[in-house]
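Protein chains: 2
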Amino acid sequence: MEPCFLTAAEAASRIEGGSLTCEELVRSCIARIEARDATIKAWLYIDKAHAIATARELDKRPRKSPLHGLPFGVKDMIDTADMPTTYNSNCYWQHRPAKDAACVSVVRHSGAVILGKTDTVEFAAAGRKAATRNPYNLGHTPGGSSSGSGAAVGDCQVQLAFGTQTGGSHIRPASFNGIYGLKPTWGVVSREGAKQYSGTLDTIGWYGRSVADLRLVAGAFQIFDVERDEPVSCRGLKVALCKTPFWDKAEAGTHRAFALASERLTKAGALVSDLTLSPPFGGMYEAQTTVMFGEGRAAFLSEHLAHGPALHQDFTDRAMNSKGITPAQLVAAYDLAAACRKEFDSLFGDFDVVLTPASTGEAPQGLHTTGDQIFNAMWTLLHVPCLAIPCTFGAQGLPVGIQIVGPRFSDARLLRIAAAIAPVIDVESKAVTERAA
Amino acid sequence: MEPCFLTAAEAASRIEGGSLTCEELVRSCIARIEARDATIKAWLYIDKAHAIATARELDKRPRKSPLHGLPFGVKDMIDTADMPTTYNSNCYWQHRPAKDAACVSVVRHSGAVILGKTDTVEFAAAGRKAATRNPYNLGHTPGGSSSGSGAAVGDCQVQLAFGTQTGGSHIRPASFNGIYGLKPTWGVVSREGAKQYSGTLDTIGWYGRSVADLRLVAGAFQIFDVERDEPVSCRGLKVALCKTPFWDKAEAGTHRAFALASERLTKAGALVSDLTLSPPFGGMYEAQTTVMFGEGRAAFLSEHLAHGPALHQDFTDRAMNSKGITPAQLVAAYDLAAACRKEFDSLFGDFDVVLTPASTGEAPQGLHTTGDQIFNAMWTLLHVPCLAIPCTFGAQGLPVGIQIVGPRFSDARLLRIAAAIAPVIDVESKAVTERAA
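If you read the sequences in order, they're chains A and B. Every letter in the first sequence is one number past the one before it in the working numbering, and letter 204, counting from 1, is 204. Every letter in the second sequence is one number past the one before it in the working numbering, and letter 114, counting from 1, is 114.
These aren't lab readings, by the way, just hints derived from the structure by calculation. Remember, predicted model here, so these are calculated numbers, not experimental data. Note that the Cβ used here is the ideal one computed from N, Cα and C, for glycine as well. Do not take every clue at face value.
Stated by the list, open to error - Here are the simulated DSBU-like pairs of lysine-lysine, each with C-alpha atoms no more than 30 Å apart in a straight line:
no., chain 1, residue 1, chain 2, residue 2
1, A, Lys48, A, Lys129
2, A, Lys64, B, Lys323
3, B, Lys238, B, Lys342
4, B, Lys48, B, Lys64
5, A, Lys238, A, Lys267
6, B, Lys129, B, Lys323
7, A, Lys323, B, Lys342
8, A, Lys342, B, Lys342
9, A, Lys342, B, Lys323
10, B, Lys267, B, Lys129
11, B, Lys342, B, Lys323
12, B, Lys249, B, Lys342
13, B, Lys64, A, Lys323
Claimed, not checked - Here are some, though not all, of the chain A residues that point toward chain B, as calculated from beta-carbon distances under 10 Å:
no., residue
14, Tyr92
15, His109
16, Phe293
17, Gly294
18, Ala319
19, Pro327
20, Arg341
Use the sequences and the hints to build the structure in full.
This is the structure in structure tokens:
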């Protein structure tokens with residue numbers, strides 16, 4: 001098997017064992033990108049020579065971290081000191097930050113090889129869409145705004161990549177591209193150097209092709225308690241199925257994924273029950289919209305003043321508060337979110353983990369949309385960790401995942417739970433990957 | 001009078017009327033800096049030629065904003081594209097960001113002239129102190145972390161300057177330097193391009209030498225409702241005096257300022273009463289510390305990994321969570337803060353504004369300390385707007401201010417209230433300024 005098809009954890013293990021060099025791995029990913037990028041268009045920038053040179057250097061040095069030599073993609077609204085950062089905006093084609101974003105610095109200093117910058121919805125917010133196509137069907141979106149990162153990992157062009165989520169920009173592309181994704185608890189990963197949209201919502205996450213991949217990166221970020229090893233068993237695990245107040249938006253693919261995940265977990269001995277959230281949670285989708293647009297006003301004011309009509313109208317609209325968000329609406333949204341955060345955390349005496357849709361279903365057709373964030377926005381506003389797991393395929397042959405959710409700061413436990421249940425839930429995508437390889 | 005001694009609003013009015021050019025104003029500030037900087041040490045970087053050239057250019061262009069031609073200082077943990085940004089850290093002497101921070105971009109595109117970068121506590125957090133001295137007594141601190149901005153405005157070296165507040169870094173220096181300062185509601189000013197410490201707490205504010213100065217800048221940021229003109233009268237204004245749960249930390253200077261402010265307001269016809277906050281507010285100081293250190297862990301991890309032993313131990317301690325902050329403590333602090341925010345806002349049926357200490361008293365002696373944030377930390381965590389007003393002088397001849405506080409997003413109304421009450425409260429510092437001029 002070509003090294004590009006290995007998961008990050010498999011590749012790390014081979015590098016540690018000496019059966020794979022960092023350079024071989026990076027060259028294999030670059031070869032895959034060269035073969036596929038004209039079709040998938042996941043990347044806005046690649047520096048092949050620099051990546052190979054970095055990998056070669058790493059091969060000479062002692063391995064200090066599990067990320068040593070692993071290729072990493074960076075969503076192009078996250079700053080990199082050695083590559084352009086365009087935010088996929090006409091106003092920033094020439095932009096070269098002087099400093100890595102904090103998250104890039106963390107993985108770079110842990111030995112990751114930054115392969116390049118992945119396409120994104122403009123400023124990870126609105127405006128221009130990514131040119132990226134879904135690797136499972138070129139006529140469909142890979143989701144967004146983390147379009148390029150999701151598709152690049154899904155298409156085995158890179159093992160790991162950063163995405164971000166303000167509404168549903170990280171978990172939804174994971175579902176659409178048949179991959180794993182972690183959106184950590186709000187605040188546990190620094191957002192410094194990533195384009196800001198909403199201080200309350202913006203969260204940096206990462207993609208991989210296994211739970212172990214996600215955990216490698218969580219280790220580099222020294223996520224609370226991630227170093228502790230307390231394996232979880234699927235048998236006896238109390239899983240709460242949460243259809244959310246927005247279940248009427250679920251399409252056939254998500255109906256199928258939800259039913260299959262429940263069935264597979266039950267067969268494996270998990271104790272599966274239904275969770276109905278209390279009525280206030282029904283207001284959380286609207287609250288997330290209020291916060292996103294209310295805070296987007298401040299986020300895009302400087303872009304509006306600096307770029308004027310050269311800036312996409314979507315951002316001028318935000319700066320000018322075209323939705324007319326009022327302070328009273330913002331305060332009500334903040335206070336509702338705070339009450340729901342506390343209530344949601346308190347539910348976890350009765351069960352271990354919440355299982356809930358990751359997207360409305362399969363990736364929609366066309367590149368004019370990146371899909372609906374209805375099954376993601378509430379969780380983002382709740383600040384809770386969300387972990388996407390591939391589950392099945394819909395009628396159009398596109399992947400559909402589910403996500404599991406825990407209380408705030410339970411990221412490490414959520415990774416352990418995912419490690420136990422992913423082999424049970426994710427039985428179809430593995431077959432596809434093996435076929436591809 | 002030399003133009004440097006004008007307030008921002010006075011200077012703006014003269015520029016508008018044609019009796020003062022931008023170049024004359026900037027040259028006057030530069031002359032003041034040249035005369036005083038060896039003593040006060042407020043600046044880490046000044047580009048005189050660039051500032052004069054910019055002012056000269058502005059004199060040729062139509063005036064589009066009240067900030068047109070006004071000199072502005074920028075705390076040196078806020079990025080500037082045309083000047084270094086050192087964070088006052090040994091690790092960043094050579095750092096030159098590629099892009100202005102959002103706040104710098106907003107005032108620059110509103111016509112402000114960025115004079116230079118002001119000294120700061122390292123990363124506006126800990127580590128190395130600013131070299132800046134208090135203009136009222138060189139043996140005393142100007143406060144921190146916004147040390148240089150506070151002293152430069154207080155010493156009439158610049159009309160306006162940015163500071164930031166995570167604990168008490170903005171309002172405390174205002175009190176110590178006898179100036180006005182606004183810490184807006186959390187989230188209404190973008191923090192993009194300012195060094196991050198705590199996503200929950202970090203807030204960008206500005207200093208001036210009058211309420212009108214603060215309002216000019218608030219206008220540039222299009223703060224909610226700031227364009228509405230509803231003057232407030234001191235007569236009949238319901239002012240709640242809040243000693244806070246931390247009153248035992250108040251020193252003689254603050255006792256004096258508090259009594260004088262109350263007396264002056266009462267004489268002017270305000271309805272002054274006492275406000276005792278409910279017991280949960282007593283936990284807000286500790287909660288702020290928990291949040292600051294808990295989030296500081298993520299904020300400084302990348303610096304720790306990138307710079308190793310070259311980084312000041314204070315930041316390695318934060319990255320390594322040397323205080324042992326637990327997820328449970330963080331969640332409890334978040335939930336307490338959310339409950340107190342809601343309760344505090346609800347109090348404003350009974351009165352119009354809260355008046356509370358801005359500092360423990362006069363600036364302490366020595367440059368090894370920047371003073372105590374005990375009277376600021378709770379308000380920062382509450383996310384409410386705080387506006388510092390000079391009030392009196394303590395036994396050592398140093399200024400002591402008070403602050404007024406409103407509910408979240410009442411920034412515009414707080415500015416109007418300040419405009420009504422500042423002439424009543426701030427009767428001593430004006431005399432000093434006029435003497436200096």
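Each hint, compared with the structure:
no.: 1; hint: A:Lys48 - A:Lys129; verdict: 25 Å, holds
no.: 2; hint: A:Lys64 - B:Lys323; verdict: 26 Å, holds
no.: 3; hint: B:Lys238 - B:Lys342; verdict: 20 Å, holds
no.: 4; hint: B:Lys48 - B:Lys64; verdict: 24 Å, holds
no.: 5; hint: A:Lys238 - A:Lys267; verdict: 13 Å, holds
no.: 6; hint: B:Lys129 - B:Lys323; verdict: 21 Å, holds
no.: 7; hint: A:Lys323 - B:Lys342; verdict: 24 Å, holds
no.: 8; hint: A:Lys342 - B:Lys342; verdict: 14 Å, holds
no.: 9; hint: A:Lys342 - B:Lys323; verdict: 24 Å, holds
no.: 10; hint: B:Lys267 - B:Lys129; verdict: 41 Å, violated
no.: 11; hint: B:Lys342 - B:Lys323; verdict: 29 Å, holds
no.: 12; hint: B:Lys249 - B:Lys342; verdict: 26 Å, holds
no.: 13; hint: B:Lys64 - A:Lys323; verdict: 26 Å, holds
no.: 14; hint: Tyr92; verdict: 9 Å, holds
no.: 15; hint: His109; verdict: 4 Å, holds
no.: 16; hint: Phe293; verdict: 12 Å, violated
no.: 17; hint: Gly294; verdict: 8 Å, holds
no.: 18; hint: Ala319; verdict: 8 Å, holds
no.: 19; hint: Pro327; verdict: 3 Å, holds
no.: 20; hint: Arg341; verdict: 7 Å, holds
Violation of the numbered hints given earlier is confined to hints 10 and 16; the remaining hints are satisfied by the structure.
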